Amino acid sequence: MAEKIKISTKKVNVFYGDKKALENINLEIPEKKVTSLIGPSGCGKSTFIRCLNRMNDTIDICRIEGKIIIDNEDIYSKEIDPVLLRAKVGMVFQKPNPFPKSIFENVAYGPRIHGLAKSDDELDELVTQSLVKAGLFQEIKDRIHEPGTSLSGGQQQRLCIARTIAISPQIILMDEPCSALDPIATAVIEELIDELAKNFTIVIVTHSMQQAARVSQQTAFFHMGNLIEVGRTDQIFSTPSQKKTQDYITGKIG
Amino acid sequence: MKEHIVTTYDEDLNSLKSNLTKMGLNVEKQIYNAVDLTKIINISKAKEVVENDKDIDALEKKIRGFATITLSKRQPLADDLRQIIISLKISSILERIGDHASNVAGRILSVKKAPDSYSTDSVHQLGLLVLKNFSTALSAYDQESKEIAQSVPTEDITINSVYETCFREHLHLMMEDRDIIGFCTQMLFIAKELERIGDLSKVISKEVIYNLQGTLK
Numbered sequence: 001m002a003e004k005i006k007i008s009t010k011k012v013n014v015f016y017g018d019k020k021a022l023e024n025i026n027l028e029i030p031e032k033k034v035t036s037l038i039g040p041s042g043c044g045k046s047t048f049i050r051c052l053n054r055m056n057d058t059i060d061i062c063r064i065e066g067k068i069i070i071d072n073e074d075i076y077s078k079e080i081d082p083v084l085l086r087a088k089v090g091m092v093f094q095k096p097n098p099f100p101k102s103i104f105e106n107v108a109y110g111p112r113i114h115g116l117a118k119s120d121d122e123l124d125e126l127v128t129q130s131l132v133k134a135g136l137f138q139e140i141k142d143r144i145h146e147p148g149t150s151l152s153g154g155q156q157q158r159l160c161i162a163r164t165i166a167i168s169p170q171i172i173l174m175d176e177p178c179s180a181l182d183p184i185a186t187a188v189i190e191e192l193i194d195e196l197a198k199n200f201t202i203v204i205v206t207h208s209m210q211q212a213a214r215v216s217q218q219t220a221f222f223h224m225g226n227l228i229e230v231g232r233t234d235q236i237f238s239t240p241s242q243k244k245t246q247d248y249i250t251g252k253i254g
Numbered sequence: 255m256k257e258h259i260v261t262t263y264d265e266d267l268n269s270l271k272s273n274l275t276k277m278g279l280n281v282e283k284q285i286y287n288a289v290d291l292t293k294i295i296n297i298s299k300a301k302e303v304v305e306n307d308k309d310i311d312a313l314e315k316k317i318r319g320f321a322t323i324t325l326s327k328r329q330p331l332a333d334d335l336r337q338i339i340i341s342l343k344i345s346s347i348l349e350r351i352g353d354h355a356s357n358v359a360g361r362i363l364s365v366k367k368a369p370d371s372y373s374t375d376s377v378h379q380l381g382l383l384v385l386k387n388f389s390t391a392l393s394a395y396d397q398e399s400k401e402i403a404q405s406v407p408t409e410d411i412t413i414n415s416v417y418e419t420c421f422r423e424h425l426h427l428m429m430e431d432r433d434i435i436g437f438c439t440q441m442l443f444i445a446k447e448l449e450r451i452g453d454l455s456k457v458i459s460k461e462v463i464y465n466l467q468g469t470l471k
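Residue numbers (this note's numbering), protein chains in the order written: chain H, 1 to 254; chain P, 255 to 471.
Derived from the structure by calculation, the hints contain no laboratory data.
These numbers come from a predicted model, not from an experiment.
For every residue, glycine included, the Cβ atom is placed at its ideal position computed from N, Cα and C.
Treat the hints loosely; a few may be bogus.
One-sided excerpt, in silico: chain P residues whose CB lies under 7 angstroms from chain H [as the list claims (entries may be wrong)]: (1) 256; (2) 258; (3) 259; (4) 331; (5) 332.
Kindly produce the complete structure, drawing on both the sequences and the hints.
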């Protein structure tokens, strides 16, 4: 199985001031597949995912060593514009965070600032398509100019996904996208992740082992800033090779 | 063995295991009695073996219900998941073995008594080997021992060859004395029941190995 590697990290160390948050992370993320990152709180998985679109740049005391290669480019090299990088590597957060604007404006915002639509008609079409891809359009087509915040939690999260995919990213990072959602809204998002994986490379942080097992093809287990184990999801959840992984996924104490 | 953070989870898994072990011991007793019947025919004891099969069936249902609830409640992964899967499989194998032991007793009930000219104890000897190998498979499960489990298939090869010898011996007996053909045929059916218990003990040992190493090899 020849998989194309989309993201590759080499000897990545991350520090917050003197504290080392991640140590020597070497991870390859295949293209158009879902990779889930699991591990206890504070293990560094969110720190890691934020390195992939340089979200950590905004934290003054955060320092990164090593290389993160996306499509053969080191994203931390001087030539890289973080704004363009973030257009290519989109992100969805734990709590849905729509802008305090209409549903339409939430999705239109990105294409507008990146100049992706030449006319209003084109922008309309792009917004509609993004909402369709995020599985939200049918539910909200009659109230597209109502505030995004008027939607339910699950719908808001899908709105955020629509906003992310409107600027045609190649990679979507998801940081616990379902932790604030009920099981039905979660199932809808998981169905969407399956669909999105046909066109996007997805990296998802989740605290639900079952969710990781359901949605991803590759799973990486982080523990205290180290990458303990990475492998095929079915193998990680059935026969993990590391004791620490086994203890974590089965809920055992050392 | 590490413990789960949730203590009731450990209690659930322990309870599943102790129920399965209990079922195994019940089945062992059934085989023991069935094998005993092949040496000394005892009608009331045979009836008891047939009757006791109900308890084994009830235990299988109990284990299945318990395993299903544990699966839905805990959503187990890795070794925990395998432990529940093998509980379901082994309990159903034990139920089958129970049926074979009960069938042996049923055949004894139909022959009532052995003809005086029938002098071999080869079916009984086969039964003793089968009983011993079943007990080995059961302790492999109880002690979670790959080493013990691995000895079961090896011993089953011996059982199969003893069965073959027993079969040929009975053919000769029937050729020599037509009056005991009816009895010998029943004894051959009994030998077949016992041989099947041997095969199923081997399947139990394979489940134990699967649980311990995580792959079906």
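Against the structure, the hints:
1. Taken as an interface hint, residue 256 of chain P checks out: its beta carbon lies about 4 angstroms from the nearest beta carbon of chain H, inside 7 angstroms.
2. Taking 7 angstroms as the C-beta cut-off, the interface hint given for residue 258 of chain P holds, the closest approach to chain H being about 5 angstroms.
3. Interface hint status for residue 259 of chain P: upheld, as the beta-carbon distance to the closest one in chain H is roughly 5 angstroms, under 7 angstroms.
4. With its C-beta approaching chain H no nearer than about 5 angstroms, residue 331 of chain P sits inside the 7 angstroms limit, and its interface hint holds.
5. At about 5 angstroms, the closest approach between the beta carbon of residue 332 of chain P and any beta carbon in chain H falls short of 7 angstroms, and the interface hint on this residue holds.
In summary, this structure violates none of the numbered hints.
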